[in-house]
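Trainee: Heads up: the sequence lines are chains P, E, B and X, in that order.
Its first residue numbered 1, the first sequence is counted upward by one per residue in this note's numbering.
Its first residue numbered 1, the second sequence is counted upward by one per residue in this note's numbering.
Its first residue numbered 1, the third sequence is counted upward by one per residue in this note's numbering.
Its first residue numbered 1, the fourth sequence is counted upward by one per residue in this note's numbering.
To be clear, the hints were calculated from the coordinates, so they are not data collected in a lab.
Some clues are possibly wrong.
No copy is singled out in the list; a pair is fine if it fits within one copy or between any two copies.
With a Cα cut of at most 25 Å, we get these calculated DMTMM-like pairs of lysine to aspartate or glutamate [unchecked claim]:
| no. | residue 1 | residue 2 |
| --- | --- | --- |
| 1 | K50 | E218 |
| 2 | K88 | E148 |
| 3 | K188 | E282 |
| 4 | K283 | E139 |
| 5 | K293 | E227 |
| 6 | K193 | D100 |
| 7 | K50 | D122 |
| 8 | K193 | E139 |
| 9 | K88 | D179 |
Letter by letter, the chains look like this.
Number of protein chains: 4
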Amino acid sequence: MAKYPGTLVELLRDAPTNWGRWGQNDEVGSLNFLTAAEILRGIQSVQYGKSFTLMLQLGHPAGEPLWPGRNPSGHFMNQDKGKYETKKIEPVPGGCSYADDILIVGLHGTTHCDALAHTWYDDRAWNGIAADKSKGGLEQANILAIAERGIVGHAVLLDVARYQGVPYLPMHQQVTLDDLLQTAKQQKVEIKKHDIIIWRTGIFNLFYQEGAAVFNREFDEPGITYEPELIDWFHDMEIPVNASDILSGEQTNTATAEAGLPLHAALSRNLGVVFIEAHWLEKWAEDCAQDHKYDGLYVAAPLKINGGTASPVNPIIVK
Amino acid sequence: MAKYPGTLVELLRDAPTNWGRWGQNDEVGSLNFLTAAEILRGIQSVQYGKSFTLMLQLGHPAGEPLWPGRNPSGHFMNQDKGKYETKKIEPVPGGCSYADDILIVGLHGTTHCDALAHTWYDDRAWNGIAADKSKGGLEQANILAIAERGIVGHAVLLDVARYQGVPYLPMHQQVTLDDLLQTAKQQKVEIKKHDIIIWRTGIFNLFYQEGAAVFNREFDEPGITYEPELIDWFHDMEIPVNASDILSGEQTNTATAEAGLPLHAALSRNLGVVFIEAHWLEKWAEDCAQDHKYDGLYVAAPLKINGGTASPVNPIIVK
Amino acid sequence: MAKYPGTLVELLRDAPTNWGRWGQNDEVGSLNFLTAAEILRGIQSVQYGKSFTLMLQLGHPAGEPLWPGRNPSGHFMNQDKGKYETKKIEPVPGGCSYADDILIVGLHGTTHCDALAHTWYDDRAWNGIAADKSKGGLEQANILAIAERGIVGHAVLLDVARYQGVPYLPMHQQVTLDDLLQTAKQQKVEIKKHDIIIWRTGIFNLFYQEGAAVFNREFDEPGITYEPELIDWFHDMEIPVNASDILSGEQTNTATAEAGLPLHAALSRNLGVVFIEAHWLEKWAEDCAQDHKYDGLYVAAPLKINGGTASPVNPIIVK
Amino acid sequence: MAKYPGTLVELLRDAPTNWGRWGQNDEVGSLNFLTAAEILRGIQSVQYGKSFTLMLQLGHPAGEPLWPGRNPSGHFMNQDKGKYETKKIEPVPGGCSYADDILIVGLHGTTHCDALAHTWYDDRAWNGIAADKSKGGLEQANILAIAERGIVGHAVLLDVARYQGVPYLPMHQQVTLDDLLQTAKQQKVEIKKHDIIIWRTGIFNLFYQEGAAVFNREFDEPGITYEPELIDWFHDMEIPVNASDILSGEQTNTATAEAGLPLHAALSRNLGVVFIEAHWLEKWAEDCAQDHKYDGLYVAAPLKINGGTASPVNPIIVK
């Protein structure tokens with residue numbers, strides 16, 4: 001099949017946009033759909049009082065899945081018992097001692113939430129913000145805006161891999177809108193307006209089972225990619241968050257368009273949909289397959305990093 | 001008043017402990033009190049669908065309040081629009097461009113959750129874990145254990161500063177158990193077993209209004225400190241989390257005991273109470289003072305840092 | 001005395017420049033004066049086989065003198081004996097064990113060599129390089145160019161503080177060209193063309209003796225600053241390197257001109273003189289005062305940091 | 001050939017040692033051989049006034065050769081022209097602007113000098129220092145001791161690869177003492193007592209020509225390894241520095257002994273020979289092959305990192 005041709009400007013000339021919808025100064029985009037009513041809808045979806053945390057592990061013995069060229073996080077002790085033993089430091093009077101450490105982390109490594117101005121084309125990011133404002137730290141629509149607000153809403157898991165009967169979707173595979181809808185149908189879950197959509201590929205199983213070398217050699221993650229219908233669906237459904245268990249948040253090398261990263265463009269930059277990437281969904285998905293309850297309250301709180309393009313985050317589902 | 005004398009071993013010889021209560025291998029301590037029933041109690045306390053994020057800002061123009069000797073976080077751009085302008089990097093085919101950055105952060109800077117093995121005395125941390133295991137990264141009861149579980153429960157704000165009619169409690173001031181209980185009484189809120197307790201001193205107003213120099217010159221934060229009754233109350237009430245808006249989590253220089261950091265010892269190390277420190281409570285507290293609803297659902301998800309002694313965290317309250 | 005008015009453009013309109021002198025693509029400026037003959041002159045000045053290292057200490061117990069707003073370096077262990085004791089790592093078969101660590105360092109903290117394109121005005125850096133090229137890392141005239149070449153030459157110490165009979169020049173004090181020449185005269189040392197000039201204020205004695213708080217409270221380092229005669233002298237003498245024991249490399253708040261950092265402009269940006277800042281000169285200067293030999297072979301080798309604006313460096317004098 | 005069996009304790013039971021030779025508190029070992037006379041011998045060997053810098057490039061577009069598991073350095077801009085353009089910062093009054101940046105570097109990445117207490121066996125490092133003292137930062141014989149002294153002496157290049165007629169010695173190949181001596185003989189250079197020995201394998205040509213993947217897949221660098229005669233030769237010749245162009249400083253997987261890293265043990269830990277690893281020798285070696293002068297003055301000045309196990313360094317040869 002021929003790919004949709006052209007640059008993002010050409011490809012998305014008639015695509016929907018939410019620029020200006022929430023004012024000239026808006027920095028959180030489609031998170032505006034998460035009103036108090038939506039928060040309450042999330043709250044009301046909780047039945048069992050079970051919770052799941054959805055972050056990958058930093059410093060996992062098997063390594064960290066990473067976009068090629070990025071480096072893993074670094075965790076270093078500043079003080080531990082050994083430093084006391086050698087008298088380099090002394091306990092607090094009375095005997096209390098403590099360990100201390102630092103973290104160095106790429107803001108798009110591990111599970112993370114993108115700021116809306118993280119990506120741009122045609123020199124404009126979300127809501128028309130000049131790309132120039134990214135210089136030396138995002139001036140507007142940076143992760144601080146999202147972190148100040150927090151993300152609380154009703155989420156639905158779309159377990160595409162399980163629906164297709166595989167432990168993980170293979171590299172290179174497109175996930176279509178139809179795949180999402182069929183998965184929902186099979187799961188007997190209705191996607192409603194303003195739902196946070198979390199689609200599962202299971203691809204990190206490849207990383208942890210086959211190792212970083214295999215994962216990186218084939219790196220072209222499966223995922224949703226450009227379809228006009230998909231864009232319209234996100235727009236019509238007023239989806240606030242595009243959540244997934246891949247690093248890219250969309251199919252790495254799009255099967256459908258010549259332009260790269262078309263969904264960062266069409267969804268995040270144009271519609272203000274927030275991308276939360278690289279979730280670890282295995283435990284929650286397993287639980288959903290057991291009890292057939294695929295929804296719940298989703299709470300994600302990025303760190304308040306002034307100027308940041310993203311933040312690591314440990315989203316929580318309560319069901 | 002004479003201070004309680006002696007080392008922590010002496011001071012806490014007869015103090016209550018929860019070691020072994022949840023098995024030899026437990027790493028999350030009093031978070032075990034946060035059962036599904038407690039999560040549901042938190043859920044049910046939500047009335048309005050309002051949420052508040054409780055983290056301090058990294059990279060705030062006024063600086064970051066920090067325990068003396070610690071350094072502020074560093075946020076550095078890896079790529080921004082300027083790097084594209086100078087052709088050091090090229091946009092993705094089709095025109096998509098993106099900014100990228102890293103964060104260097106002390107795990108006990110900013111708002112953070114302590115791991116249970118972060119502090120120890122008598123060579124033992126929570127549940128009897130050997131202090132030795134802190135070497136090169138906490139082996140047990142590190143922040144990963146808490147991050148895998150997440151913290152979800154019912155929380156109560158005790159706005160001690162507002163109760164005492166001040167914008168912030170002055171440096172050096174002790175907050176007694178009686179202060180907490182009187183505050184609750186005046187607020188007409190009942191503290192129940194397993195509630196997450198969040199007490200407010202407002203001290204960061206001093207930092208942001210008077211500046212880092214003043215804050216650091218006087219550094220001896222107000223807060224709760226050693227009283228046998230306070231320890232017993234935490235124990236009897238089975239409080240899972242000690243949350244506050246000070247860096248130390250307890251009065252820095254205890255007014256009541258010769259041994260330093262007695263509450264890290266009595267509450268965290270012995271009872272397994274999780275300390276979440278340095279919340280930014282101003283907006284939520286203001287809201288509570290308006291609507292007189294001082295409780296809500298509390299969700300905190302530290303980062304999954306393998307071996308970490310703590311993690312920055314952006315707790316969320318939903319009310 | 002009225003200060004010279006105006007911007008750098010105005011102030012330096014008729015000041016000398018070396019742009020183009022070594023070709024359009026030159027990135028090392030006045031280091032070109034350090035020819036083989038000059039290296040041999042440095043070599044021939046060695047009499048005793050004594051050497052001195054001139055770097056400040058990173059991680060000094062008393063802290064690191066730093067330009068306000070900069071953070072000290074961080075040194076963190078990755079592995080030490082404690083990590084072996086707890087079996088987190090194993091010795092190499094046969095028993096060899098090793099410690100490992102990382103360093104985080106601001107490139108203008110500690111003793112460091114500036115790249116020629118580190119500073120600019122009127123949108124041009126050394127040799128006419130567009131300031132734009134600094135975006136995302138210096139593209140030209142970065143520290144790599146200097147580090148690839150290395151700095152080897154004949155150096156002369158001008159111990160202004162000792163000449164003036166003080167342990168250190170006070171904050172705010174200007175060092176004039178006449179001060180430099182009178183110091184040389186008193187020392188009975190002749191400054192020759194192409195000499196590396198190292199002038200001593202002793203100001204770090206204030207830091208180490210009085211502490212960081214005092215040093216920072218008064219921060220306005222003594223040093224040379226704008227005089228037309230001084231610029232001409234550097235130009236006529238073809239001085240390759242301006243070396244000093246202050247953080248700024250020139251008087252912080254110039255006593256003579258309205259424009260700030262006039263010597264970074266006139267010497268580094270216009271003449272291509274390399275600034276090496278924050279030397280620790282105490283031991284060498286003491287030795288010079290003893291044997292009255294104030295010159296020697298100077299060797300400085302910045303790290304080869306691609307794109308870097310500077311590098312920490314540990315210069316060596318051999319006399 | 002059967003390998004020498006046994007642990008390092010067994011292997012080196014009768015091997016020579018310099019412990020105590022320079023007192024109980026010595027931290028620089030065989031650098032003590034570099035007396036003023038030796039510095040002068042280095043000085044006197046300079047004929048042409050040519051200099052070469054011997055460090056690898058940090059941030060090289062092709063990457064950085066690294067011991068498996070280590071991460072490349074990170075260089076990040078703190079401010080550049082883009083930050084001024086967007087008014088996040090303002091020029092100094094008068095128009096001076098400047099760029100600023102940081103470096104994160106593993107101390108055993110790139111060209112670096114090992115501290116003497118970096119490695120140990122039988123719980124003792126150089127001069128009997130307890131391995132315990134490595135906890136939380138090397139307490140003794142750390143890189144500060146070497147950096148305070150500096151390394152200045154007479155060096156000889158032994159271009160083994162060129163002698164053997166190859167662009168680089170293949171992975172896995174042992175370099176024997178006889179190889180070193182035959183190389184010297186063919187080069188017509190006499191190795192004298194106290195010479196700094198620099199042997200060239202050329203292996204980084206593999207990295208830069210074939211790429212990191214090939215280099216790492218085969219990682220088992222060529223180099224000298226355990227031979228009783230080699231140890232004796234270093235001892236008898238009182239060699240102060242073992243310098244090479246491989247990451248390991250000795251053959252990675254020794255061809256001759258069961259115990260790993262036997263030369264770190266026999267030379268560095270026992271004799272106090274300083275290892276300077278991962279030189280970039282190509283330009284200098286090419287020059288030596290042209291003019292047949294294989295010696296010169298060697299100057300290396302590690303950074304003064306208090307507690308550090310090593311430091312990146314940019315050694316300079318003057319010939």
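Trainee: Run every hint past the structure and note whether it holds.
Mentor: Here's how the hints hold up against the structure:
1. When the C-alpha separation of K50 and E218 is checked against a cutoff of 25 Å, the pair qualifies neither within a copy, at 36 Å, nor between copies, at 44 Å.
2. Within a single copy, K88 and E148 get their C-alpha atoms only as close as 40 Å, which misses the 25 Å cut-off; across copies the closest is 21 Å, which meets it.
3. Taking identical chains as interchangeable, the C-alpha atoms of K188 and E282 lie at most 25 Å apart only when both belong to the same chain, with a minimum of 20 Å there against 43 Å between chains.
4. Taking CA atoms no more than 25 Å apart as the test, K283 paired with E139 passes between copies only; the shortest distance there is 23 Å, against 37 Å inside one copy.
5. Neither within a single protomer nor between protomers do K293 and E227 lie at most 25 Å apart by alpha-carbon distance, with minima of 29 Å and 47 Å respectively.
6. In this homomeric assembly, K193 and D100 never come within 25 Å of each other (Cα to Cα): the closest approach is 45 Å inside a single copy and 31 Å across copies.
7. Taking the shortest Cα distances, K50 and D122 never come within 25 Å of each other, neither inside one copy (45 Å) nor across copies (37 Å).
8. In this assembly of identical chains, the alpha carbons of K193 and E139 never lie at most 25 Å apart, being 31 Å within a copy and 44 Å across copies at closest.
9. In this assembly of identical chains, the alpha carbons of K88 and D179 never lie at most 25 Å apart, being 60 Å within a copy and 39 Å across copies at closest.
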